[in-house]
Amino acid sequence: MSNPTAAMIVIGDEILSGRTRDSNMHYLAGELTKVGIDLREVRVVSDDHGAIIAAVQALSSAYTHVFTSGGIGPTHDDITADCIAAAFNRDIDVRDDAREILVEHYARAGTQMNEARLRMARIPEGAALIENPVSAAPGFVVENVHVMAGVPSVFQAMVASVLPGLTGGQPLISETLRIDRGEGDIAGPLGALAEEYPHLSMGSYPFQKDGVFGAHVVIRGSDPGMVKAAMAKLKAAFA
0 MSNPTAAMIV
10 IGDEILSGRT
20 RDSNMHYLAG
30 ELTKVGIDLR
40 EVRVVSDDHG
50 AIIAAVQALS
60 SAYTHVFTSG
70 GIGPTHDDIT
80 ADCIAAAFNR
90 DIDVRDDARE
100 ILVEHYARAG
110 TQMNEARLRM
120 ARIPEGAALI
130 ENPVSAAPGF
140 VVENVHVMAG
150 VPSVFQAMVA
160 SVLPGLTGGQ
170 PLISETLRID
180 RGEGDIAGPL
190 GALAEEYPHL
200 SMGSYPFQKD
210 GVFGAHVVIR
220 GSDPGMVKAA
230 MAKLKAAFA
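Just so we're aligned: 184 in numbering that gives the first Met the number 0 is position 185 of the sequence shown, and the numbers increase by one with no gaps anywhere.
If a hint is listed, it holds; no wrong ones were tucked in.
Across the chosen pairs, the derived CB separations fall in these ranges:
hint	residue 1	residue 2	range
1	Ser203	Thr19	27 to 35 Å
2	Ser173	Ala50	29 to 37 Å
3	Glu182	Ala50	30 to 38 Å
Calculated pairs, BS3-like style, for lysine-lysine (alpha carbon to alpha carbon, straight line, at most 27 Å):
hint	residue 1	residue 2
4	Lys232	Lys208
5	Lys33	Lys234
6	Lys33	Lys227
7	Lys234	Lys208
8	Lys33	Lys232
Derived from the structure by calculation, the hints contain no laboratory data. All residues carry an ideal CB built from backbone N, CA and C; glycine is no exception.
Starting from the given sequences, assemble the full structure and let the hints guide the process.
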């Protein structure tokens, strides 16, 4: 059986403008690989209702799981929760359990619970909450869409809360070989090897260093024995 699939939606004008560098995709990809969920697609969308709704609807129907990051904070441009509700035709309002989490958190911190912070307790109807042990404000799950914060430390904590409840598959095994030859020399043997092992993923990632052209060739798959056998043949071809 093939592994479950996943997509990610990174939300925020600050990502698209280059003001903020996204690290959440890299982290999520690594964690999903460990549990055998194949991340197949990532989209970066602006803080725009139509763009977010369209991405959520398209990806949720195409993949087993969808993960979003960004846009669930207290400011006016944090519109992700409203967009998720609209994408699934659900009402959204402040929910008692989410409000209680925030009230307790801010009381412990000696911080005022105001209308802006209360926005983070607005949850689409029927959603399950995602625990946030870092800053309390919860994420949530609607159908197969996991909605999480954009702040990396909070995103990572939410991923840790979510993954144990998901059914994974076979973790992917990866082996890498550095070959100090140009891709023109590598392409033929690598292509033949890829045809011989259609169930493996093979990629060539070129580099140039100190006047030397080469590539790191990566072989990935869920069968460790098959990965090792293919790598042995690759090494032999360029010995």
